[in-house]
Amino acid sequence: MADYEPAIIAFVCNWCTYTAADLAGTSRLVQPPNVRMIRMMCTGMVDPKYIIKALLEGADAVLVSGCHPGDCHYINGNLKARRRMKLLKEILPKFGFDERRLKMTWIGASEGIDFAETVRQMTAEVKALGQNDLRTRMVL
Amino acid sequence: MSKTGKITVKDRDPVSSLQDFLKLLLEKGTVEAVLVQQRLPVNNAVMPALVTDPEKLGGADPLAPAFPLNAARMLSRLTRKPLDTPIAAVMRPCEIRAFVELVKLKQGSAGNVILIGVDCLGAYGNTDYARIAASSPAVPCSNPPENRPAAEGSGHVDSGGTPPGVESTLTFHRNILSGKGTVVDGADISPACKSCEHPVALNADITIGLLGTNIEESLLLISNTEKGGVVLGELGIKEDDEPLDSRQRAVEALVSERLAYRDRMFERTSAAVSDIEKLMSYLGNCVNCYNCRVACPVCYCRECVFTTDVFDHEPAQYLRWAKRKGALKMPTDTVFYHLTRMAHMSAACIGCGQCSNACPNGVPVMELFRTVAHGVQRAFGYSAGASFDEAPPLSVFHEKEFSEVTGGHD
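Quick note, the sequences are listed as chains A and B, same order. According to my numbering, the residues represented by the first sequence are 1 to 140, in order. According to my numbering, the residues represented by the second sequence are 1001 to 1410, in order.
Certain hints may be false.
As the list claims (entries may be wrong) - If you want a taste of the chain B side facing chain A, the calculated C-beta under 7 Å gives, among others:
| # | residue |
| --- | --- |
| 1 | M1047 |
| 2 | L1050 |
| 3 | L1279 |
| 4 | K1329 |
| 5 | M1330 |
| 6 | Y1382 |
| 7 | A1386 |
| 8 | F1388 |
| 9 | D1389 |
The set of hints was computed from the structure by calculation and includes no laboratory data. All C-beta atoms in this analysis are idealised placements derived from N, C-alpha and C, irrespective of residue type, glycine included.
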C-alpha cells in the first residue's frame, strides 16, 4: 500500500485530554497532523454510534481519550466509556475491523508529552495497517 | 424448593387439560387474569390474550407451535406499573428470559405476576404456521383419537369439536413423541428454536413439563419458587415424589442437540460476515423497514434514534455523499443501523428469533444477532435472561476491569 496520511478521529474529554492536546501545542511538541479532534464534555457521552459512524465514513482509526480512573470530572463517565469500548471491540472485529483501529487512552490535563507520543505512535501504527477505504466506497 | 405435581390428561388431549388447569386458577381466584396464547376465532391465528373469564379459556392453546410475537413485550405493558392484583402469564422460556431483561431495564415488574413457563419444543415462523394450521386436518395423524370429531369448518372455538388449529397443535406434539420430528408440509421449526439451548424456562414460578413425559397421559407441574409452591397448594395439586430422571435425560438430549446446531450456526454466520464486504452482502436485501427492531423484545429504547430527525438528512447531504462515493445506496445507513442496534441489544439478546420472523425479505438476522450477542455476553460474563439479580453489563462498571481496552493501564 502506497504511503498515505491516515485520518484519526479523536473523541477527547474537555477536562483532560483536550487540555493535554492544548499543552502539547503550546509546548511546541512535534506531532503528526493526522488527528481530527472532537471535544466532548466527557468520554462518558461518546455514544458507540459516533464511533461506528466514523469508521463507516472512512476514518482510519478512532481514539477515545479521557481522564485517568478516579479523575473524571463527572465521577465515573470514563469508566462507562471503557465498557462501551469493550463492547465495540467485541462487535466490530467480527466484521473485519482491525481492533487496532479502536484505541482508548487515559491522558490527564498535564500530560501533553503523553498526548503527543500517543498521536505519534497511533499514526505510525495505523499507517502500517493501511487505509480504510470505506470513505470512497459504497456502504449499504 | 422445587415441588412436583401432575396434570392428568383426559382424552389424550393435553391442550384441553391445560385449559382446565388455567380455568382453575381463575375460578379459585388465585389470579385475576391469565395472559396466554389464545386461538382467535379467525384464521386459526394464535395471539397472546389477557383472559379474565374462565369460559373463554376454551380458546387457550399454550402448546401451539406458533410464536407470532414475543409476549414479554405484552407482559411489560401490563406491568409497567406494579399490578394491584396477581395475574398469571403462560409463556415460552425465551419470553420469560426477555421479560427478565425488561424488568431489569425497569420496563416491567415481576411483583404480582406468576410466571408459568411451558417447556418449548419450538415454533414455526409466522407464514409457515399460518399455512400449517390452515391445512391441519389434512395432516395425517399417527393415532387419531376416536372420540374427537373430525375438524371442519370455521375453526371457531365454540363450534364444538376440535378446531383445525388445535388439531395441528396435537399433531405437532404427537409427531415429536413418536419420533417423527418437526417437519410438516416441508416446513420446519424456526432456526432460532433449533438453536435454542433453553427449552426449559429459567425463572418461572411454575414449570409445565412436557419433556420426558407422555403428554397424552400427563403433564408435569413443577414449582420452582415459593410463589409457585403456594399457587399449586391453593389449587390443591397433589405433590408426588416421582423421580424426574426421564425428564432430566430428555432435557439433556434436547439441549445437546440444540447446542450442536447452535455452534454450527455460529461458525457459519461468523464466516459469512467476516469482513465488511461480506456483511454488506449478508444484509443486501435489507430495506430499512426496522421490523427487526420493532419485533425485538429487548430493543429497549422508547424512541429509536433511527426514526428521529437525526436521520432526516438534508437533501444536499445525500448529494454530497453520492459525489464522494460515486454511488449512494438508498435508503442509506443500513449497515450503520444494524451495527448500532447490535451495540444496543447484543448484551440483552435472548435469541427468540422474532427479528427473523419479522423480516419481510428473509435476511437471516437472528443468526447474525445471536452470533454477535454470544460473543458480547461471553466478554462481559453475562447471560441474558438468566437471573433477575445480575445487572445488565452496560448499566454497571468497576474501577478495575478490562484494562486491555486501555493498553493495560487502569
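Hint by hint, here is what the structure shows:
no. : hint  : in the structure
1   : M1047 : 34 Å, violated
2   : L1050 : 37 Å, violated
3   : L1279 : 5 Å, holds
4   : K1329 : 5 Å, holds
5   : M1330 : 10 Å, violated
6   : Y1382 : 11 Å, violated
7   : A1386 : 19 Å, violated
8   : F1388 : 21 Å, violated
9   : D1389 : 19 Å, violated
Hints 1, 2, 5, 6, 7, 8, 9 from the earlier list are contradicted by this structure; the remaining hints agree with it.
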